[in-house]
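> If you want the building blocks of each chain, they are given just below.
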Amino acid sequence: MTDRIADPWGPLTPLGSGEDWVARVDSYLDDGLAPGAVDAWVQSACVLCSNGCGLDIAVKDGRMVGVRGRGDDRVNRGRLGPKGLFGWQANASSDRLIHPLVRGKDGELHETDWDTAMQRLIAKSRQLLEEDGPSSHGFYNSGQLFIEDYYTLALVTKGGIGTPHTDGNTRLCTATAAQALKETFGADGQPACYEDVNHADAFFLVGHNVAETQTVLWMRIRDRLAGGGAKLVVVDPRRTIPASMADVHLAPKNGTNLALLNAILNRLILTDRIDQAFVDEHTVGFDTMAEVVADMPVERAAEICGVNANDIREAANIIGDAEALLSTCLQGVYQSHQATASAVQVNNINLVRGMIGRPGCGVLQMNGQPTAQNTRETGVNGDMPAFRNWQNEQHMADLAKLWNVDVLQIPHATPPTHAMEIFRYAEEGAIRFLWVIATNPAVSMPELGRIRQILSQDRLFLVVQDAFLTETARLADVVLPAAIWGEKTGTFTNADRTVHLSERAVGPPGDARPDMDIFLDYARRMGFTDRDGAPLVKWSTPEEAFEAWKACSKGRPCDYSGLSYDLLRSKSGLRWPYPEGATEDVDDLYADLQFHTRSEDCEDYGHDLLTGASLEEKEFRAIGAEGRAILKGAEYAPAPETPDESYPFLFSTGRTLYQFHTRTKTGRTRQLQHAAPDVWVELAPEDAGREGIEEGDLVEVASARGRIQGRARITGGRVGVVFAPFHYGYWDLGRTAGPDGREPRAANELTITRWDPVSKQPLFKVAAVNVTKVAAGDGTPSPAPTTAASAPVVDVTTAAATGDVAEADETMEAET
Amino acid sequence: MSADLAAAIRSARDAETDLLHQLRKVADRHVADHDVAAMCTTLAERTQRRIDALDSQLDRYGSVAASGWEGWDHLVAGARRTASKMTSRSPSAGAVLVADLRSLYLASQEVSLDWTLLKQGAMVMRDAELLEEVKKQLPEVERVSAWAKSRCKLAAPQVLAG
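Taken in sequence, the protein lines are chains U and F.
Residue 88 in the working numbering is what sits at position 88 of the first sequence, and the numbering runs on without skipping anything.
Residue 73 in the working numbering is what sits at position 73 of the second sequence, and the numbering runs on without skipping anything.
If we strip away everything but chain F, and leave its shape as in the complex, we get:
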C-alpha cells in the first residue's frame, strides 16, 4: 500500500467534492433553465456515487477523507433558488449561465485528470481493484465534461451576439 497513492485518491476526492458543490450551485442558480437545473441534479447524484467509490478505496488504504465538511450548499440552496427566480427574466441570465457552465467544465477537467492519474498509480502499483474502479468511473467523469462543454457551446452564441 502506498501513502502517495492514498494522497492521490484524496486529491481526486477533493476535486470531486468541488465538482459536486458546483453542480448543486449551478442547479440552484438556474432554476428557470429547466434542463440545466435537472441535469446538474442528476449529475450531482452520480458524482456523489463516485465520491462514495473513492471513500471505499481510501478505506482499503487505511486512510480517510480530509474533512466531512459538506460546504454551504444546504444552507444557501433556498436563497440561491429565490435569487435565481428573481433574475430569470433578465437578459443577463444567459451570461451568468455561460460563466457557470464554463466553471463547471473546468472543475470536471480537474476531476478527469485526477482519475487519469489514479489509473497511472493503480497500474504502477498493480492494484487491480482500483484500476477496475477507474475504468468504471472515468467515462462517467468524461460524461460531465462532455455535457458541460456541449451545453456551454449552445448557450454562448446568444450571449456573445448580444
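Here chain U stands alone, though its shape is the one from the complex:
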C-alpha cells in the first residue's frame, strides 16, 4: 500500500534493456471495500491523460466503486497514476448536470426537458442556415469524446451542415504533434510505441514533463533508467523530476527551442554523427536543412538560450552516441512559438541518426488528452476523416462516395478552420451559432478577457454540451447534459496508437445522454439526408458507429478495418494500423521505412515552416519525397513577446500531476483537489529574493492583457521565468466565468492571442509579465504540490501527503 498522492509513481520495477516490463497491478476501491465484494469489473481505459492505461471499473449496486489496472495491458501492465486511481469518483459528483438548461427571458438558465432544449437549438440552427448559410455555424469540440461520438460529429458537420468550422480543443494541446508528423512523414501517426522505452539506450525529452503529464509512461522510463545502461537528456526551463534525474538538463529561456535544436543538429553534423546511408536512402532535403542549421553553432545557441555551450555539446554527444534513441516532445515545444518548426527538428534528429522504425528508436510526438488522437483521425480537429487530404480531389471524392453526398457538400475549399480562427469569426459576427462540446474555452483559451467577450455576445447563440456547469456553460443559451466515460460505450486511441474499448459500467445520471446520441438527435431533427433522400447518419448504436468508422478508415494510414468490439474485448488494447485480415498489430509504424509521402497518399502537402503558407500539389511533388521522409529546416526567430522594462519576466503556464485541464473532474475528486487546491505562482530564488518575495506570499502577476493573484512558491526553475498552472478557473468559487468578485486566478488571463503559423496552436509558454508582492504570507506554504516540478527549494510543511484516503494497492507480478 502506498499513499499515491505523496508518492505518485509507486514502487520501482527496474527494467533492463530489451526486457519485458513486469506487471504491477494498481487498484483503489471505495473506503473499506474488499475486491471480493465488487459485483462486476467492466473493461475500460483511463481518460485522464493521453497514456490510455488499461483498467477495469469496479461496479457495486449499480455504482462505480473503484478501478484496477489491467495487468495484461501493454500500455501500463496494470499500473495507474493518481488521476486514474482516484478521478473516477467525479462521475458521482452531486453537481452533475442532469437536465438540459435554457436561458430564459430573465437572463438566467432554467432546467427544462430535452424536447424544449432541442427545439430551441433547432429553430436557431435552421434560421441561421437559411439566412447566412453553413458558414454561420461553428463547432468546438474536445479531446475527451470517443471515436463513435467524433465520427458522428464529423459526418453531421461536414456532410450534413457543410460547415468548414469544426475544430477541437486538441488545437491547444496536440495540433503541433499532428502537424510535425505530417510535415516530416506525410501523415499523422505516431512512429514509435511505448515498448520502445524497454529497448532505448538514450532518451531525449524536449519540453515534456512526463513525470506529471503521463505518470505511467514515466514509471516505465524511470524503471528503464533504474535497469541500467540508458541515458537521459532533458530540455525544460523548470526543474522537473526527469530534469533532476537527467545526465544533461538543458534549461533554455522560454521561446528559444528552435535555436537549441538547430545547434544540436549542427553539432551532430560537425562531429560526423550522421547515418549518411540512411539519410541518402530514406530522406530528402538534407542539404537545405544542413544549410539552415549551419547558422546556429553551439556558441550562438548558448547565448540565445542562456545555457552552457558545453551542456549542449554533451547533449549532442549522448544523442550522437546512442544506439537506440527515443525522443519525445510535448507542450514545452507545442505551446511555444515556432512550435512546428521545433517539433520537426526533433524528427530530424532521429532521422539523421537513422533512429526510427526499429526497437528502441523513434519519436513520440505526444498527445495531451486521452482521445486527442481520435479527434485528429475522425476529422473534427481541422483535418479530414481518416487522414484524407483536403487538397486531394480523389480523397474528397472517396469521402463523398462513402457518405453518399455530393462532393461539394463537403467543405474543402480550405483546410477545416482552426479554433483560434473560429473564435475570430465569432468575434466579427460571421459565426453566430457556436456549439461547444466537452471543453471549457472560458478558462483554457489564451487571453480570457477577449474569449469571455466573444462568448458573451448577444448576437452569438452558444450551445454547451458538458457533464458539469463549467465557466463556459454559464455563458450558454442552451446547456445539454452529457454522459461521460463509464456511462457509455465507445473506443479511443492513446498517444502510441493503442485502441481500447471502454464499456458502459453504470447508467448516466438524470437525463444526461451520450454525446453521440445528442448529435444523432440533432441530425434527425434537422432532417439531414444523403443523396438518395435516406437519413444521412445510418447508425444508432456505438458498435454500428464503429463499423462505419472502420469503413471510413479502410486503406488509409490509420486503418481500423480489421478491429472489432469483440476483438477489443478479447485483447486489452491493439494498435492501428490493423487492416482487414490482420492477425496481429505492429509496434513501430515505419518498420518498413516507407513513409506516407507519396502525393496520392499523403494527408497534407506541408507548409513553409516560417509563414505557414500551404504547399500545393505541384510544390509537394517537386520535393520528390516518394515514400522518403522529408527533412525541413527553419531558422530561429525571437518570440513575439519578450521581457521589457514594464514586463521584465517571461511567463509560462503549465500543469500539475494532480489536476487535469480546468479541473472539471479532478477538482471534484477529493484526493486530487486536496493535493493541489488552488493556483500558485512559481519563482526562482534569485528573482524572489530581488523582489522581496518569500514562500507563501500573495503575489500579483500582470501582463499587457490581464492579471492574476496567487501564493508564491520558490522553486528550482530558471531565473527570469514565472510559472503558473492553468487549471484554476472560477467554477468552485461560486462565481460566473469572469473574475468578478475575488481577484482573478486563471493563468490564461495573462496569455497572448498568438499561434504557431503552421499548426495554429496557441502560445502558452511565451508571454512577458511583471510580478508584485501584494501581501506577506502568514507562514502557510503556497498551495503548490511539493512532489514534482513545483517542489520548493527549501523545506516547507508538506500538504501533499493525505494519509489513508489516498492509499492504493500495488500487486507485483511475482506475487500474483
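Just so you know, these hints were derived from the structure itself, not from any lab.
Since this is a predicted model, take the numbers as computed values, not measurements.
Each residue gets a CB set at the ideal place from its N, CA and C atoms; glycine is no exception.
Heads up, some of the hints might be wrong.
Covered stretches of chain U (chain F as the covering partner; in silico rule of three or more C-beta atoms under 8 Å from a C-beta of chain F) [said to hold, decoys possible]:
{"#": "1", "stretch": "129 to 143"}
{"#": "2", "stretch": "426 to 435"}
{"#": "3", "stretch": "603 to 612"}
Got chain U sorted already, so can you dock chain F onto it with the hints?
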C-alpha cells in the same frame, strides 16, 4: 557596369518599398487578425533586409535610390490601428482583409518579377555577386507571395459565402 542594370535594381527597390508599405499597412489595419498582423510585421522586417541588400548593389553600381522618402506609414500607423480596433467586430472586417491580402499578393508578384529580371541582367552582365544575391533573395520574395496567396485563400470562402 551598366546604367540599365542599375535602373533595374532601382525598379526592384521601388517595388520592394511599395511592398514594405503595404505590409506595414496591412499589419496596422488588421490588429484583431492576430496572425495576419504578426506575419506582416515579420515579413516587413525581412523586406527591409532585401531593400538593404539592393542598396548595397546600387552602391556597387555607383547609383543611389531615387528617394529616401519613407512614406506615410509612421505618421498614420496609430490611426490605422485605432480604426482597425473599432471595425474589428464588424462583419465587414473579413472582406477588407481579403481585399488587402489580394493587393499584397499582387505587390509581391511585382517584386518577384523584378528580382527575376535582375537575375537575367546579372547573368548577361556576368555579375556573379548580384547573381548570388538574387539566388539568396528570390525564395524570400516567393515566400511572401506564397503566404499572401495562402492566407487570402483561407479568408475568401467566409466572405464569399456571406
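> If a hint holds in the structure, say so; if it does not, say that too.
To see whether the hints hold, each was checked on the structure:
no. : hint       : in the structure
1   : 129 to 143 : holds (count 4)
2   : 426 to 435 : holds (count 4)
3   : 603 to 612 : holds (count 4)
Violation of the numbered hints given earlier is absent; every hint is satisfied by the structure.
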